[in-house]
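Asks: Chain by chain, the residues run as shown.
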Amino acid sequence: MKLKVMQPGMLTTVQDEGRWGFQGKGMPVAGAMDLFALRSGNIMVGNDEGAAGLEVTVLGPTLSVVDGCGTAVVTGADLDFSVNGECFPCNVVVEVKEGDHLSFSGVKGNGCRAYLIFSGGIDVPVIMGSRSTYLRAHLGGLEGRALKKGDTFSTGEPHVLWERFIGFSCPASFLPGRQLDQPLRVVMGPQDDAFTDRGIETFLSQTYTISDSADRMGYRLEGPVIEHSGAADIISDAIPLGTIQIPGHGQPIAMLADRQTTGGYTKIAVLCTPDIGALAQRLPGQKVRFQKISFEDAVAATRKERSLLDGIHQLVATWITPIASSTQTTSTILEDTPRSGMWRLSIDGTGHTVHWERLD
Amino acid sequence: MTEQEWPKLLCAGDSCIVVEFGNSISLDVNARVQALRHVLEAKNISGIQELVPTYRSLAVYFDPVKAEPSRFRSLLERLASTTDVGLSSEKGKVIVIPVCYGGEFGPDLQNVVKHTGLAEEEVIKRHSAPDYYCYMLGFTPGFSYLGGMDETIATPRLSEPRERIPAGSVGIAGKQTGIYPIDSPGGWQLIGRTPLPMFDANRESPTLVDAGFWIRFHPISPEEYRSIEEKIFHGNYTLEFHEKGEMPA
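Protein chains in written order, with the working numbering: chain S, 62 to 421; chain W, 2 to 250.
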């Protein structure tokens, strides 16, 4: 499938899971800001979890399918996606074909980053093991930059049964169900000993506001000053994804996908993995509170999020299996099975479409 | 702090453990970082996502779904305290970086001359005399943090940073020296430039220099600069390496 960019949107970039393995060479990871959304979307259309999709920020692009056909799904934030003017909710796989117009009308619910995932993923060159766009070094993605009007790009080889994914709808119980007012969970350290007790107390009890200086590299937060016990600078060391660093001014900065690999500010805590995506979906002006959890609880939360993805894998597998075996499988997980859908049958070489609905 | 406190394992979220070997920038501490890094690389432990060596610590990124964190932590603890440092930082490779000093390639060489009161030839001589140790890479893709500059040529940064510094530029900022691997903005005093592509995303090994390597600057003329550039373009330039015998004093 080949697509053309009619309008680029505010900031639309090609992203996958990121350029891991080169941080020791000073190469930032980049990748999707909301990794759960990227991975879940890829599962829903039958791609590898780490395939490249479009990260759409606040104001989405308008794309036109200029050749071929395939499927698309939008995950992450609801930015009011429509195909030829007809609205489609997030997490529902739709068929798209030559002549179709894909567009977004704007932020509809919570969240600011949507992922538009196509069957086969986006086929741009792999640079240092990844297709992710890293804007600062003009590297990866589409010529190292955000999409612009007139760009064209192609999707890769889709799943052999790609058509069977059409109509798949992921139930809400398999999504993280993030709330805007939920505190973000952090594991303290590696330099929490660089703060006074009062500094730690401030960090964990006060509310911070996301400033206008919030991008793919990091979010600067504003609020009560977090007090250091001594110097705010350390000998430069590695900056993990989701680090909350506190420079001398005492205001936190959350380090996100495009963060530099190393830095010399004290790091009070690191967000637990599932809450990195939760923060990345918030906008300037919105509030942030932090909640301390143990390392073990953070690992458990990360595994829980992983189990949601495994669950989506199972649902999708059921969805695409031929009827005979699928009726058996679905009966065991009734609560999470979709209420309606579509089957494609081939009888003696003739294609048939069967729409179905649960009547219980 | 006493020596017994090191190494320390620091928790850096649910997917990273930082093994810290000291609180100073020194060859001894960095040698321990490199030693643990090489042991872990050789063991190829499943669940380890990547290793990031810095001045005095090694960040070990892992997948907490695949790796059992408690077992993983005790393994790191054991390896960190038992790994033999050997001679890793005293040996190692020395890469020769040809640099054309002054003129169009080093527009700020005269600033260094003025600041230090040394003759131009003397600045070049002192800059190209030592072997520099690459403690770590960071800041931008391929940027090496080098140690070992002669402090008599230390010069403060420009008061007004440049918007675009060409890749390969060699600069001085205070007591540090470094090479800009990609075109970027910056405020270092530019004293020369190397024709070598320090960073190339499409190369199998994107950076020429790795943490733990030594480098030596070799002064070249503008003609040699052009000739090396030509060779690189035609793919027949061979990097010059030496084996490091002894640690510099």
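Watch out, some of these pointers could steer you wrong.
To be verified - Cross-link-like lysine to aspartate or glutamate pairs, in silico, DMTMM-like; alpha carbons within 20 Å at most:
1) 9/W with 366/S
2) 67/W with 371/S
3) 9/W with 85/W
4) 9/W with 357/S
5) 176/W with 294/S
6) 67/W with 254/S
7) 67/W with 294/S
8) 9/W with 212/S
9) 9/W with 294/S
10) 67/W with 253/S
11) 67/W with 110/S
12) 365/S with 85/W
13) 67/W with 262/S
14) 210/S with 69/W
No lab work stands behind these hints: they were computed from the structure. If you're wondering where the values come from, they're calculated on a predicted model, not measured in any experiment.
Asks: Decide, hint by hint, whether the structure agrees.
Replies: Here's how the hints hold up against the structure:
Between residue 9/W and residue 366/S the alpha-carbon distance is near 30 Å, which puts this suggested pair outside the 20 Å criterion. The suggested pairing of residue 67/W with residue 371/S holds, with an alpha-carbon distance near 14 Å, which does not exceed 20 Å. Restraint check: the Cα-Cα separation between residue 9/W and residue 85/W comes to about 16 Å, which is no more than 20 Å; the hinted pair holds. Of the pairs offered as hints, the one joining residue 9/W and residue 357/S holds, with about 19 Å between alpha carbons and a cut-off of 20 Å not exceeded.
Between residue 176/W and residue 294/S the alpha-carbon distance is near 18 Å, which keeps this suggested pair within the 20 Å criterion. For a cut-off of 20 Å, the pair hint linking residue 67/W to residue 254/S is broken: about 30 Å separates their Cα positions. Annotation: proposed proximity of residue 67/W to residue 294/S is violated, straight-line Cα distance about 34 Å (limit 20 Å). Of the supplied pair hints, the one linking residue 9/W and residue 212/S is violated, its CA atoms being roughly 50 Å apart against a limit of 20 Å.
Among the hinted pairs, residue 9/W with residue 294/S is consistent with the structure: their alpha-carbon atoms are about 19 Å apart, no more than 20 Å. At most 20 Å may separate the alpha-carbon atoms for a hinted pair to count; residue 67/W and residue 253/S exceed this at roughly 27 Å. Only pairs whose Cα atoms come within 20 Å are accepted, and residue 67/W paired with residue 110/S is accepted, the gap being roughly 16 Å. The suggested pairing of residue 365/S with residue 85/W is violated, with an alpha-carbon distance near 39 Å, which exceeds 20 Å.
Annotation: proposed proximity of residue 67/W to residue 262/S is violated, straight-line Cα distance about 34 Å (limit 20 Å). Annotation: proposed proximity of residue 210/S to residue 69/W is violated, straight-line Cα distance about 47 Å (limit 20 Å).
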